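There are 2 protein chains.
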Amino acid sequence: MHNLFEIDEWKVFETKFDPSKQEQAESIFSIGNGSFGQRANFEEDYSGKSLQGSYVGGVYYPDKTRVGWWKNGYPEYFAKVLNSCNWIGIRIEIDEAKLDLAKVEVRNFYRELDMKTGTLTRKFRCILADGKEIEVQSLRFCSMHNEEIAAIKYTITPINFSGNIKFTIYLDGNVINADANYDEIFWLEDTQRVGVKKGVVSSRTKKTNFLVATAMRFSFWKNDELLDIHPNCAQKSLYIDNHFEHYLEKGNSYTIKKYVSITSTLNHSEFDTVAMAINNVTAAYTGGFDILLSEHQNSWAEIWKHADIQIEGDVSAQQAIRFNIFQLFQTYTGKNPKLNIGPKGFTGEKYGGATYWDTEAYCIPFYLKTAPQEVSRQLLMYRFNQLERAIENAEKLGFKNGAALYPMVTMNGEECHNEWEITFEEIHRNGAIAFAIYNYLRHTDDWEYVQFYGRPVVFGIARFWAQRFNWSEDREKYVMLGVTGPNEYENNVNNNWYTNYIAKWCLEFALELNDKYSNNAHPLSAEEVGQFKSISSNVHFPEIAGTPIFLQQDGFLDKHLQSASEIPNNERPINQHWSWDRILRSPFIKQADVLQGIYLFEDHFSLEQIEANFDYYEPMTVHESSLSPCIHSILASKIKKEEKAYELYLRTSRLDLDDYNKEVGEGLHITSMAGTWMSIVEGMAGIRVKNDCLYLDPILPQHWQSYSFCVYFKKQPLKISIFQNKLAIENVGTANVRISYINEQIDLIPKSEKVFSIKGL
Amino acid sequence: MHNLFEIDEWKVFETKFDPSKQEQAESIFSIGNGSFGQRANFEEDYSGKSLQGSYVGGVYYPDKTRVGWWKNGYPEYFAKVLNSCNWIGIRIEIDEAKLDLAKVEVRNFYRELDMKTGTLTRKFRCILADGKEIEVQSLRFCSMHNEEIAAIKYTITPINFSGNIKFTIYLDGNVINADANYDEIFWLEDTQRVGVKKGVVSSRTKKTNFLVATAMRFSFWKNDELLDIHPNCAQKSLYIDNHFEHYLEKGNSYTIKKYVSITSTLNHSEFDTVAMAINNVTAAYTGGFDILLSEHQNSWAEIWKHADIQIEGDVSAQQAIRFNIFQLFQTYTGKNPKLNIGPKGFTGEKYGGATYWDTEAYCIPFYLKTAPQEVSRQLLMYRFNQLERAIENAEKLGFKNGAALYPMVTMNGEECHNEWEITFEEIHRNGAIAFAIYNYLRHTDDWEYVQFYGRPVVFGIARFWAQRFNWSEDREKYVMLGVTGPNEYENNVNNNWYTNYIAKWCLEFALELNDKYSNNAHPLSAEEVGQFKSISSNVHFPEIAGTPIFLQQDGFLDKHLQSASEIPNNERPINQHWSWDRILRSPFIKQADVLQGIYLFEDHFSLEQIEANFDYYEPMTVHESSLSPCIHSILASKIKKEEKAYELYLRTSRLDLDDYNKEVGEGLHITSMAGTWMSIVEGMAGIRVKNDCLYLDPILPQHWQSYSFCVYFKKQPLKISIFQNKLAIENVGTANVRISYINEQIDLIPKSEKVFSIKGL
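Line by line, the protein sequences are chains A and B. According to the working numbering, the first sequence holds residues 1 to 761 in order. According to the working numbering, the second sequence holds residues 1 to 761 in order.
Because the hints were derived from the structure by calculation, they are not lab data. There's no promise every hint is true.
Pairs involving identical chains hold if they fit within one copy or between any two copies, as the list cannot separate such chains.
To be verified - Computed cross-link-like contacts, DSSO-like style, restricted to lysine-lysine with a CA-CA straight-line distance of at most 30 Å: (1) K396 / K662; (2) K662 / K400; (3) K64 / K759; (4) K103 / K236; (5) K236 / K16; (6) K207 / K166; (7) K116 / K206; (8) K250 / K719; (9) K305 / K98; (10) K714 / K206; (11) K64 / K338; (12) K123 / K49.
Since this is a predicted model, take the numbers as computed values, not measurements.
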């Protein structure tokens, strides 16, 4: 695989301007702060191919198109994440021509994302039509310290001339989505105000009525000297600017420091939103650029202290894992209970910036170990807060008595996607939400959460499953008909093994919580207890009789079974080459399905069962979901197929950096990045949590000299390092932690390190 | 069921203006001529609730909306039938106020569709604001004699005053579709020209570039005297009119005779289309209204001579069957090889006016017996002409070597619908097309057609099936995975019995044609012959072991099987009350599926098998497709469940007239009307064609005294009458026809009648 950009331990950078890579670069070099984010679009005008994207967390538009085949119970809309007010804009005009990298000769182009500090910088020279040469440098960031602040430093140096340059510093809310039907405009004008070196634009989303305010201030410097300028103000609908001409002297640097605040009614009242943006930006402007930047950098340093993974001996892997961790923390910080993690984060329009099961299945395991437990708790609370909506959603589908079906895709708790085979049938997501509560509990012992918030969620989910199974007279078993499993290359199948398995487990977990908190309000009814027991002890699971193989669903053996290696290379990925019916009929698996279940409930199965199922399914799996290879990688590590584990890890870790699927221009695969992290921590390091103990069972890829990382476990940070022949665990926390390697189990006391010598790595 | 309008043998009429029924009436009183059609919108302005609809056969717009989940191989568009230029418009203004039935007091309102003559008439009085009273009478028709002509006679009589009235006679192409996304306009301006008492508007469809021209002329009469008037002309984009004021004398009648011609590039060159409309309308105008009307009426008389069914003793049934026959002939006449039969004909926008399997499964049996065989041949040629497109369609889905998959929905041979579970999976349509060729052959002995046109179609279809089956190692049988059967309340099932059955039959039919025409060009290859034989002799058919019951699909017995009578009344129809997943999981059947197969291949099964399957499936069938009850009714007649047969017949015959499904306002269910006809002719009269003989096995519903009708068989028209205790068959043709009743078989010579006495009716 060819590298798209340059390799470095802490940076992604490019040294040449290649317009054909611009959209890819805009995604890869995106910056964000968990609250909003910005693709790496240029500050100055750019007429080349580009996907403009500025996204504000939680702000969406309910898109509806009239189609003939609307079916009863379909959600009313599909949620679109919105391209919002352009806040980066700085227009440069020299001799009446706009600076536009698509139209001038560009030299010495350098763009860098510094993941350590969360800053995007750019530097280039360009030769204008009449031979004038200028150098531009820019730096920008979305503050991780103050989630409503961003800032830009934009410097121009005339290299071989002195002369007038016109600067226009603007906010422009006249933006559209690339995926808008009929180029629909999603924003309505609210107010715009402009003053000298400041301004604000607020606009309102159609239908959803979110108010978003963007305020700016700026200052203008010659080298280190603040200049007193007198710009002209302009405004029109959804737009304000300050513009001025200035005589630039050859060899001197002239800098715009632009401060921006973005606020919305997600977090503020109607009354306060605009005022808060203005207040915020005034404070930022008053404090100054350097302070903002240093606060921002400190926040990143704090994150990295616990979240980093260091890999010795493989710079490419090192860069990749940091890129993944960096993007996850740019997307979600745990500060705001109304936010969650969209599959593309703040890097593109696709998948509507909405919440999927990715959060529970992938992101929660990541945040549980890399961040204080409050971050994961916030994600769980998000679902608790939407329990009533999940119950309403189930009611719409005909379920009763408090059964809850969480949406497949949501912005506010309502289902907001409308493919029936996904929305109505890919119900295993409900299981992942219950499992995340269980997973949180075993990491944190936060019984208070589970008792008051987790328990009702699990009960609602279990009620759904109890009603969703039906009794088959023919089999004398409970069956579950018409589902779509994690493998979305099957639709509307009967008895998906994974779904049946996690549903049965949910029923048992509900019974367990019911017993444990038998004095709490709203227990399960006696009838429910009986029903849950009866169902969970008598579920049909398809299998190949006489073998350890679990069958993905009923009828799987009717397929023409063959290895994915039979697919001609020019027909991969099949989802870009084959018709949907052909994919459905094929045995090829988009992503881990039976193996996803074995991954979650590993201890329920023998090593032989795991290996047999891995060997059966891995050859048929095409991994055309970014969520897939990591699960296979973890299981491959488990059964010590080290080469396979490493090969699968590689598929996930540089998926976006090297644009494996030729789609990175649309945005990054944020949620699957957590899977990459899991491939190392749960896969290679073999970390498991059970019986209040942290188990380790590491392998070391032969391409690496060593790797190390931190994990949180029962609130204690542990530093774990795996070398050629030793495993070192340091308790950096303040309380004992129980750890285990092979047959040895010890209580590791604070500020101590335990080293196991290991063989065979 | 309450009757929506009045009952009469030959008419549908209403005697009161009820604005709440206006959209229903607009559908029911629609008129058309196989080439274009017009909903019963008013000539004068109407500001009440209304669905404006003027549809030109074969003219469509490829609608595309951008959605996130587009899948590979999906068709590019969904075909929309277009509301076209308003040609009925006659604006009446009195004292500067427009005549608008939503705004005046209406008395003595009478609207009538005369099915015998194909005319829509309307008569009413209205009291204007200042007490002025006028009477209006209108009559209009779309000429069945000249498929590009329509005419209107519109008469006003001032009852209690003399005074000026302003007339505006116009054509208006500024029309939209009710189902347009974002109120998109589908028509682009071409030309408009206006002269004294004449004018033309032509407009062009976006994307598809159809040019449609509408030309008009008119004359103005006082009682029977042609008046010389001097109207003003006006024109604007897509609009022309003539307007004039005239002093109307109390008690006298003033009549506009408006002549219209509609032409399109479907039938004319770019160059000729506008000129042809002008020429046509000039000829019509010159000939005069009465001649046009009488030619039109004669054409209908000719149709009725052979197509009528007379029912004695049940006016409601009589009206209903005539309504169904009338609408079918209004929709399709067999004159134009480019046209076919949209599920809503020319009565609404829904289903895109496109061709479905309804044509082969329902309409061809109807036209085969009610019209000269050229009409059915034309429908078969439509598919032959699209064979190359069907091969391309299959190629898009990954099939090879001339395999043909006809589209589920088409305007021009391309698939133009985009629900994967329908488009990619409801492939049984392919079987219906092959079966129609077989059916045509047994009715007509037209071996020339079958040899040169039918055979390649059957081969293409059989090649598709051969590739679509796959070998199941597990079952050691050929299986067909991932299909949707006729019962669309199941999606993506394995081994749908009906689909497997008709596919196997197609393979056998292809082999038969290959043998029969072994000297023809392009025979099946030896490999194909071997493959077809091998597959057709070893197909898996799901069944309940040890019983005569064929199972609709694999896994059907896992369902919670129950009778549709268990569904609470307030949850019917389930497609308006239940979520899609619930419908899919339920055992409830939208329309005949296993029974559809038994209907087609009745002779392959014993009476006991037919009865057992009927008794198994009928209770679970909710008949929420208009195509369903007729098939069940025919089988009920077959197994002599006479009450059931009649009950099911009733569901179909007055479906639209009494608006059973509360949706007639959107348009009529044209194609299923053929099923109603089948319920009588194939059901009650028990007519079958086999071994070159017409078999009869009639029942007489106890509510009827007798019924009679004509059928074509081997080009000979036969008149068949069923009375209480006799069956009479008259050969009205010119050659012998073999007929059979019970065990008696005779050759009926021309101009002779055979009467069988029958018992037990």
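Next on the checklist: If you test the structure against every hint from before, which numbers come out violated?
Outcome noted: 3, 5, 6, 7, 8, 9 and 10
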